[in-house]
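First to last, the sequence lines map onto chains A and B. Per numbering that gives the first Met the number 0: the first sequence = residues 0 to 425. Per numbering that gives the first Met the number 0: the second sequence = residues 0 to 143.
Please keep in mind that the hints were generated in silico from the structure rather than gathered at the bench. Just so you know, even glycine gets a beta-carbon here, dropped at the ideal spot from N, CA and C. Just to be clear, a hint being listed does not mean it is correct.
What the hints assert, rightly or not - List of simulated lysine-lysine pairs, DSSO-like, C-alpha gap at most 30 Å:
#1 B:Lys-68 - A:Lys-203
#2 B:Lys-99 - A:Lys-276
#3 A:Lys-203 - B:Lys-71
#4 A:Lys-231 - B:Lys-71
#5 B:Lys-127 - B:Lys-82
#6 B:Lys-36 - A:Lys-400
#7 B:Lys-25 - A:Lys-255
#8 B:Lys-75 - A:Lys-370
#9 B:Lys-99 - A:Lys-203
#10 A:Lys-272 - B:Lys-25
To be verified - So the derived list for chain A, only partly shown, Cβ under 10 Å to chain B, looks like this:
#11 His-214
#12 Ala-222
#13 Ala-227
#14 Met-256
#15 Lys-346
#16 Asn-348
#17 Asn-350
#18 Lys-370
#19 Gly-373
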Amino acid sequence: MDNKIAALQSEEIEKRAAELIIANKELVFQNKEKEKRAAELIVANEELVFQNQEKEKRAAELIIANKELAFQNEEKGKRAAELTVANKELAFQNEEKGKRAAELIVANNELAFQNEEKGKRATELTIANKELAFQNEEKGKRAAELTIANKELAFQNQEKEKRAIELIRANKELKKAEDDIRHLNEELEQKVIQRTSQLESANKELESFSYSVAHDLRTPLRAIHGYARILKVDYGNLLDNEGNRVINNVMDYSMKMGQLIDGLLTFSRLGRKELVKVNMPMRDIVTSLCNEIKSDSTTSHVEFVMNELLPAQGDSLTIKQVWANLISNAVKYSMQREKPVIEIGSKVNGNVIDYYIKDNGVGFDMSYAIKLFGVFERLHSDEEFEGAGVGLAIVHRIISKHGGRVWAEGKVNEGASFYFSLPQNI
Amino acid sequence: MTQEVEVLLIEDSASDAEMIIRALKKGNLANRVLHVKDGNEALIFLFGQGKYEGRQTKDVPKVILIDLKMPKVNGKECLMRIKADERTRKVPVVVFSSSKEDSDIDECYDLGANGYVVKPVSSDEFEKAVTGLGTYWLVTNEVR
Numbered sequence: 000m001d002n003k004i005a006a007l008q009s010e011e012i013e014k015r016a017a018e019l020i021i022a023n024k025e026l027v028f029q030n031k032e033k034e035k036r037a038a039e040l041i042v043a044n045e046e047l048v049f050q051n052q053e054k055e056k057r058a059a060e061l062i063i064a065n066k067e068l069a070f071q072n073e074e075k076g077k078r079a080a081e082l083t084v085a086n087k088e089l090a091f092q093n094e095e096k097g098k099r100a101a102e103l104i105v106a107n108n109e110l111a112f113q114n115e116e117k118g119k120r121a122t123e124l125t126i127a128n129k130e131l132a133f134q135n136e137e138k139g140k141r142a143a144e145l146t147i148a149n150k151e152l153a154f155q156n157q158e159k160e161k162r163a164i165e166l167i168r169a170n171k172e173l174k175k176a177e178d179d180i181r182h183l184n185e186e187l188e189q190k191v192i193q194r195t196s197q198l199e200s201a202n203k204e205l206e207s208f209s210y211s212v213a214h215d216l217r218t219p220l221r222a223i224h225g226y227a228r229i230l231k232v233d234y235g236n237l238l239d240n241e242g243n244r245v246i247n248n249v250m251d252y253s254m255k256m257g258q259l260i261d262g263l264l265t266f267s268r269l270g271r272k273e274l275v276k277v278n279m280p281m282r283d284i285v286t287s288l289c290n291e292i293k294s295d296s297t298t299s300h301v302e303f304v305m306n307e308l309l310p311a312q313g314d315s316l317t318i319k320q321v322w323a324n325l326i327s328n329a330v331k332y333s334m335q336r337e338k339p340v341i342e343i344g345s346k347v348n349g350n351v352i353d354y355y356i357k358d359n360g361v362g363f364d365m366s367y368a369i370k371l372f373g374v375f376e377r378l379h380s381d382e383e384f385e386g387a388g389v390g391l392a393i394v395h396r397i398i399s400k401h402g403g404r405v406w407a408e409g410k411v412n413e414g415a416s417f418y419f420s421l422p423q424n425i
Numbered sequence: 000m001t002q003e004v005e006v007l008l009i010e011d012s013a014s015d016a017e018m019i020i021r022a023l024k025k026g027n028l029a030n031r032v033l034h035v036k037d038g039n040e041a042l043i044f045l046f047g048q049g050k051y052e053g054r055q056t057k058d059v060p061k062v063i064l065i066d067l068k069m070p071k072v073n074g075k076e077c078l079m080r081i082k083a084d085e086r087t088r089k090v091p092v093v094v095f096s097s098s099k100e101d102s103d104i105d106e107c108y109d110l111g112a113n114g115y116v117v118k119p120v121s122s123d124e125f126e127k128a129v130t131g132l133g134t135y136w137l138v139t140n141e142v143r
């Protein structure tokens with residue numbers, strides 16, 4: 000079996016080998032064919048490359064040819080447009096020639112007219128020339144007049160210059176006068192300053208003089224009073240009535256002198272005192288002073304009539320002193336009446352306020368009114384009314400320092416009125 | 000402690016001094032009064048100098064009465080020296096003067112015065128003022 004199979008197999012193998020040889024022969028043939036085809040393809044390709052090259056050359060030539068053609072077309076278009084313009088120009092020129100011909104006709108007409116006009120103008124010119132000749136003559140006359148006027152003007156200018164020089168000189172003199180005045184004023188001012196300071200120092204000297212005199216006078220005065228009192232107290236029983244009366248007088252008069260010195264001191268102090276200005280409650284000031292009088296048994300019968308008392312600006316301490324002096328005066332000179340009445344009030348008078356105090360006392364003689372406000376001036380003797388004679392002088396000094404005014408009215412035995420004014424706004 | 004001097008009176012006016020001493024005596028207040036005539040003498044007394052050399056300066060008066068207008072060392076100067084010295088600073092000093100001037104009064108208080116009394120012209124008032132002063136400073140007032 001196996002042999003058979005093997006024989007079969009070898010038979011097969013032989014068949015296969017034979018088929019393979021045929022197949023190989025076929026393959027070789029096919030390869031040869033393929034190579035022929037490949038060689039033919041190379042030739043065909045070369046041909047194709049050559050044809051492509053040629054086509055490109057033709058295309059490039061065609062582009063150039065197209066460009067040329069386009070340029071030639073453009074040129075033709077231009078020429079056609081130029082021709083159209085040239086035709087229009089020709090037509091226009093023909094039209095213009097027609098117009099010129101018409102204008103020439105008009106111009107000729109005009110020329111004829113102008114010639115006519117020239118004739119007229121020539122006649123007018125002749126007239127105008129005559130007029131010109133006349134005017135020239137007039138100008139000559141005016142020129143002569145101007146020459147005269149110029150001479151006059153030159154003269155006047157000369158005069159003006161003279162005046163100007165005179166004015167400059169006058170101004171210089173004026174300036175010098177002004178300088179002199181200024182200089183004099185300065186000198187004057189200097190002198191005023193000098194005098195003022197001299198005056199001030201003289202015043203100060205006077206103040207310190209009166210101050211020390213007043214003080215130095217008090218010491219011996221105290222001694223006189225003191226020793227008289229020792230005499231009276233320790234030795235009074237050794238003296239008779241007359242001796243005691245004399246001693247009493249010594250004491251009284253030394254006291255009186257003390258009052259005079261006090262008055263003088265108060266007066267001199269006022270001159271140095273600075274005023275402190277405030278709003279003063281006048282009514283309160285006066286009311287408290289009147290109450291003091293009413294509470295004193297010796298003067299409680301005095302009747303006060305209080306009218307409106309306007310407030311004012313001032314130094315309340317010194318103004319209180321003014322009221323105190325005026326009220327005590329009014330009381331002093333009216334308290335001997337059965338029914339003493341003192342009226343106090345105020346009223347606005349322009350830009351000042353007038354204050355008044357009226358009494359129904361002994362009054363005074365108006366011819367002495369001016370003496371009322373002097374230092375140590377008295378209208379009554381000490382026997383009649385006691386006093387140092389400084390009360391009203393102090394009133395005067397205080398009101399003057401306030402920029403106000405004091406005055407009085409009176410009649411003997413018919414009472415007195417005292418007034419003082421204070422500026423409403425100091 | 001009993002002082003050698005209770006009242007130091009500094010007064011240049013003999014009459015004023017006499018009136019003051021008389022008034023103090025009347026009030027039984029003048030047991031030991033020393034009267035000197037100017038500020039200088041007051042100072043040499045207080046500080047144990049000159050004729051008062053060797054005095055116990057710790058022994059100070061109960062009160063000093065001083066006038067303002069005086070020769071040599073005046074009242075204000077003397078007051079200033081008394082108040083400036085540790086030994087005498089605490090001693091009461093009362094100014095007894097003729098002057099009513101505000102400036103004098105202010106100045107004395109500024110210098111340390113313990114009181115200021117104006118001498119009255121009337122001797123009755125004068126006597127009252129002195130005895131009042133003496134009573135207050137020697138009897139009423141407490142000192143150390």
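Now for the hints, and whether the structure bears them out:
1. A C-alpha spacing of about 19 Å is found between Lys-68 (chain B) and Lys-203 (chain A), which places the hinted pair at or below 30 Å, so the restraint holds.
2. For the given pair, Lys-99 (chain B) sits about 23 Å from Lys-276 (chain A) by alpha-carbon distance, which is consistent with the 30 Å threshold.
3. Between Lys-203 (chain A) and Lys-71 (chain B), the direct Cα distance comes to roughly 24 Å. Compliance with the 30 Å bound is thereby established for this hinted pair.
4. Restraint check for Lys-231 (chain A) and Lys-71 (chain B): the C-alpha separation of about 36 Å exceeds 30 Å, so the hint is violated.
5. Only pairs whose Cα atoms come within 30 Å are accepted, and Lys-127 (chain B) paired with Lys-82 (chain B) is accepted, the gap being roughly 27 Å.
6. Straight-line distance between C-alpha atoms of Lys-36 (chain B) and Lys-400 (chain A) comes to about 42 Å, which puts the hinted pair past the 30 Å bound.
7. Between the alpha carbons of Lys-25 (chain B) and Lys-255 (chain A) the distance comes to roughly 26 Å, so the proposed pair stays at or under 30 Å and holds.
8. Restraint check: the Cα-Cα separation between Lys-75 (chain B) and Lys-370 (chain A) comes to about 41 Å, which exceeds 30 Å; the hinted pair is violated.
9. In summary, the hint linking Lys-99 (chain B) to Lys-203 (chain A) is supported, as the alpha carbons are separated by about 18 Å, within the 30 Å threshold.
10. Restraint check: the Cα-Cα separation between Lys-272 (chain A) and Lys-25 (chain B) comes to about 40 Å, which exceeds 30 Å; the hinted pair is violated.
11. Checking His-214 (chain A) against chain B by beta carbon gives a least distance of about 5 Å; that is within 10 Å, so the hint holds.
12. Checking Ala-222 (chain A) against chain B by beta carbon gives a least distance of about 3 Å; that is within 10 Å, so the hint holds.
13. Hint status for Ala-227 (chain A) relative to chain B: holds, with the closest Cβ pair at about 8 Å, below 10 Å.
14. Because the beta carbon of Met-256 (chain A) sits about 8 Å from the nearest beta carbon in chain B, less than 10 Å, this interface hint is met.
15. With a least beta-carbon distance of about 35 Å to chain B, the hint placing Lys-346 (chain A) at the interface is violated under the 10 Å criterion.
16. With a cut of 10 Å, the hint placing Asn-348 (chain A) at the interface with chain B is violated, because the nearest CB-to-CB distance is about 35 Å.
17. Given hint, Asn-350 (chain A) at the interface with chain B, is violated; its Cβ is 33 Å from that chain's nearest Cβ, farther than 10 Å.
18. For Lys-370 (chain A), the interface hint is violated, since its Cβ never comes within 10 Å of a Cβ in chain B; the closest pair sits about 27 Å apart.
19. Hint status for Gly-373 (chain A): violated, given a least beta-carbon distance of 24 Å to chain B, over 10 Å.
Checked against the numbered hints listed earlier, the structure breaks hints 4, 6, 8, 10, 15, 16, 17, 18, 19; every other hint is satisfied.
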